[in-house]
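**Student:** The residues making up each chain are set out below.
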Amino acid sequence: MEPVTLTLMIGVGLAGVIAFIAGIIEDAESDAGSSSNPNSQVQLAPQIGHIITYYDKAIAGEPPQNGLWAAGACTIALLLSWRFVDLGMGQYYAVFFAAVAGAAVIALVQGCFGIFAHISRITSMAAFKQPLYWHALLTPLPYSMGLCFLTALLLTLLAFVASGILGNSFAPPLIALFMGITLGSIASGSGDIHYGAERLYQHLPFGSGIAISNQGDIDLKGEYGFRNSVDTPYFCMRFGGTITALAFGLLIFLDGWSRLFTFAGRWTSIILEAVIVAILFIFLNRLEKYTRDSYGPYPGQEDA
Amino acid sequence: MTTQPSEPPAEKKEIPNYKLYIVAVITGIISYFIAALNPNLSFISIILIWPSFVAAAGCVEFLCRYGLGTGTSSIGYWGTACGATVVFASQFIGTGAYSPFLEIAIATLLGYAAGLCANKIIRMKIPRIEVNSAIIAGGTGIITLVVLEVLAGGAGIVGTTVYYIYPVMYIGIAIGILHPYNGSLGEGENQPRTLMLALCEGALLTALFGFIGILLPNTPFIPALGMLIISIIGFVIFVSIWWKRVKKEAYDIVWAGYPAGVDH
Amino acid sequence: MDPITAMIGIIVGGIIVGICVHFIPASAVGAMSASTGIATGPSMLSTGCGLAGLYAAGYMIGESTPLVVLSGAMGSALMIICTMLLANTICAFGTGVAPVAGSYDKDPITGWRQKPFMSPGTDGHSMPTTTALSGIIGALLGGAGGSLVFVSVYEMISPILEHTTAITIAGMVGAGVFLINCVLPAYVLVGKSEGMTDKKMKLLHKTFVSCLIVSVITAVFVYASVVVI
Numbered sequence: 001m002e003p004v005t006l007t008l009m010i011g012v013g014l015a016g017v018i019a020f021i022a023g024i025i026e027d028a029e030s031d032a033g034s035s036s037n038p039n040s041q042v043q044l045a046p047q048i049g050h051i052i053t054y055y056d057k058a059i060a061g062e063p064p065q066n067g068l069w070a071a072g073a074c075t076i077a078l079l080l081s082w083r084f085v086d087l088g089m090g091q092y093y094a095v096f097f098a099a100v101a102g103a104a105v106i107a108l109v110q111g112c113f114g115i116f117a118h119i120s121r122i123t124s125m126a127a128f129k130q131p132l133y134w135h136a137l138l139t140p141l142p143y144s145m146g147l148c149f150l151t152a153l154l155l156t157l158l159a160f161v162a163s164g165i166l167g168n169s170f171a172p173p174l175i176a177l178f179m180g181i182t183l184g185s186i187a188s189g190s191g192d193i194h195y196g197a198e199r200l201y202q203h204l205p206f207g208s209g210i211a212i213s214n215q216g217d218i219d220l221k222g223e224y225g226f227r228n229s230v231d232t233p234y235f236c237m238r239f240g241g242t243i244t245a246l247a248f249g250l251l252i253f254l255d256g257w258s259r260l261f262t263f264a265g266r267w268t269s270i271i272l273e274a275v276i277v278a279i280l281f282i283f284l285n286r287l288e289k290y291t292r293d294s295y296g297p298y299p300g301q302e303d304a
Numbered sequence: 001m002t003t004q005p006s007e008p009p010a011e012k013k014e015i016p017n018y019k020l021y022i023v024a025v026i027t028g029i030i031s032y033f034i035a036a037l038n039p040n041l042s043f044i045s046i047i048l049i050w051p052s053f054v055a056a057a058g059c060v061e062f063l064c065r066y067g068l069g070t071g072t073s074s075i076g077y078w079g080t081a082c083g084a085t086v087v088f089a090s091q092f093i094g095t096g097a098y099s100p101f102l103e104i105a106i107a108t109l110l111g112y113a114a115g116l117c118a119n120k121i122i123r124m125k126i127p128r129i130e131v132n133s134a135i136i137a138g139g140t141g142i143i144t145l146v147v148l149e150v151l152a153g154g155a156g157i158v159g160t161t162v163y164y165i166y167p168v169m170y171i172g173i174a175i176g177i178l179h180p181y182n183g184s185l186g187e188g189e190n191q192p193r194t195l196m197l198a199l200c201e202g203a204l205l206t207a208l209f210g211f212i213g214i215l216l217p218n219t220p221f222i223p224a225l226g227m228l229i230i231s232i233i234g235f236v237i238f239v240s241i242w243w244k245r246v247k248k249e250a251y252d253i254v255w256a257g258y259p260a261g262v263d264h
Numbered sequence: 001m002d003p004i005t006a007m008i009g010i011i012v013g014g015i016i017v018g019i020c021v022h023f024i025p026a027s028a029v030g031a032m033s034a035s036t037g038i039a040t041g042p043s044m045l046s047t048g049c050g051l052a053g054l055y056a057a058g059y060m061i062g063e064s065t066p067l068v069v070l071s072g073a074m075g076s077a078l079m080i081i082c083t084m085l086l087a088n089t090i091c092a093f094g095t096g097v098a099p100v101a102g103s104y105d106k107d108p109i110t111g112w113r114q115k116p117f118m119s120p121g122t123d124g125h126s127m128p129t130t131t132a133l134s135g136i137i138g139a140l141l142g143g144a145g146g147s148l149v150f151v152s153v154y155e156m157i158s159p160i161l162e163h164t165t166a167i168t169i170a171g172m173v174g175a176g177v178f179l180i181n182c183v184l185p186a187y188v189l190v191g192k193s194e195g196m197t198d199k200k201m202k203l204l205h206k207t208f209v210s211c212l213i214v215s216v217i218t219a220v221f222v223y224a225s226v227v228v229i
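Residue numbers (the numbering used here), protein chains in the order written: chain B, 1 to 304; chain H, 1 to 264; chain L, 1 to 229.
Source of the hints: derived by calculation from the structure; they are not laboratory data. Where a beta carbon is used, it is the ideal one built from N, C-alpha and C, also for glycine. Heads up, some of the hints might be wrong.
Take a look, some chain L residues computed to stay more than 12 Å from chain H by CB distance [unchecked claim]:
1) D2
2) S64
3) W112
4) I137
Just some of the chain H residues that point at chain B, by a computed CB distance under 7 Å [claimed, not checked]:
5) F33
6) A36
7) N40
8) L41
9) L102
10) M124
11) E130
12) V131
13) G183
14) E189
15) P192
16) L197
17) I212
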């Protein structure tokens, strides 16, 4: 990488902030339309007799979905930004406006995929007498498309920051693909637990995983009336979204931050990252001890 | 268009996948040569690669019906990885009359080898997994090859900036072939509706690629514009056919109402 | 690096990527806090973590090969430890469960008992210490393997193409190798794995052979298309 300058330090901070916000928005997007792993519960519910009014947005797993939105938006943004620069716009304005245009096109594509997925899944559930409710589809749809627009925009900007300011050698669309798949994995591994184990099963008591016998018995009623998919993101953003944001933001920030130091030549970042991994591993162990001591064993299982 | 394998008279009659693949290969090779010889006619090429989407999606459906155990999407990633990686790596081969045959053959071979591993070594006990994974790899290879050829406008890959669109093509085609089955998952899933959805999504994806192709510098934009317009027309036609099928098969379509069995 | 060494690099890298999937704990049912592991499918989680490693390796391309490979390994490890720490946080404060594994009764490193803390009717939740260590080992392997493939392909094609084109194409081929070699072990594991303490580690030889075959075909094809033609 280039010698450490103020631009580089600002770039690392900017990348961390963009990654943080992208984490919140991406988790909210996967909750606004029930997607990824907890969607298996929404799929299971009609089979045990619960008629659902959720938006069954089953596009693909969460990592490749976000890879597609990010890579698509970044490709369109890159090509448009060249055209804008040819027309005489300044470089930073060109990138920003092109990113907005690219994200807007990708939000439309996501809307199409989501509509196809919901309608065809509900149609396949006809044997369980599940009707196709238009309000279940059309109410969350603009919300989901808007959040996808923001996710694609933020990941595109992150790819441009990583490629332009921080000096990564890959082309921006490829970095956006990597970031999308990584963010999807992280959000699926952390934020979705809050949706799947907590929000979908609020009638079950806090403090236990969902037993196999309870799976599919999801909440049908919301705070007022029947639960719709727009009711999920405001709840999950408070905790699940923030934790996802911390995970992705920490990754991008620490990775860039460890490259700012040069005390051991080119091996500095590797040594620093190894130290950080060791410290976080110790945190994990301490958190495990704290959780075990706070909660204690399950009643009736102390001597199992 | 006569290549419509999706409206059989009997409800449970299914079209065998290898027939879909033979149609896809023939139309794919014809479309490659049309695109290479006369870029302005390339919108015909795009119509001729939609059968490849159908063939690949049909195989994904066949394999996933047997319960892969890992989620229905993984076969799609694997198949596209085989097909698209081969095409990307083969861009260095100078374009000649034999190159599409070579690339499609090697993509099919890689898919077949992966399927062979799955069957003989991992022992997944899914019937005919080798042939089906070969078809997925070959189908995605055909799509990638022809789209790249159309967008490069016959100018050759090395030296242009077409490689910037590799990531979105790769992941777009992967999702495009696994989504028709994944989106139609359920008790009432049947092949005609799934394949119709595959055509809709194939048209959507080629429209996206056409839009991206218009923006590419240093390449003629008439082929990409033709791609975009014909894809939008195809999309509208396919969605209206698919929607008629959905209306016939859904339990009920209402604007709002109380879910049954819940007291209110 | 001459082309034959690069070809061997692709094969070795592909096999290492396949093996790493066995070490990373992942299960789809974990999203309902019903099973140990990160709550995604193993194939996509390993791809995500390996691509984070490729991103980290992209900063170092142009330097010597061990530097690039180690940089990729550390990037992957950083991603997996962030994910695991914060997934444990969600399980602790969002669902209210302690990290507990289903595949062993006493944690080999800390000695803590697992059974009393397991929710009735489930198979464990989030990641105790040994499972987390297995995840870190898996991520190190995955990042290293992916970066090795990336460097090998780059060295093979950089004489022919200019710098940025070569890097992007090498990155794409690296991502493709990831996606092929991460899905085959996911079939061996049937969708769920608890890492190195799981009994499915005995099936490692199946992954080894399958990834060997697929990587050989890919490597030979890349070599042939670059060098021969």
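**Student:** Decide, hint by hint, whether the structure agrees.
**Tutor:** Against the structure, the hints come out as follows:
no.	hint	result
1	D2	18 Å, holds
2	S64	25 Å, holds
3	W112	31 Å, holds
4	I137	22 Å, holds
5	F33	27 Å, violated
6	A36	24 Å, violated
7	N40	22 Å, violated
8	L41	24 Å, violated
9	L102	26 Å, violated
10	M124	20 Å, violated
11	E130	24 Å, violated
12	V131	24 Å, violated
13	G183	4 Å, holds
14	E189	5 Å, holds
15	P192	12 Å, violated
16	L197	6 Å, holds
17	I212	6 Å, holds
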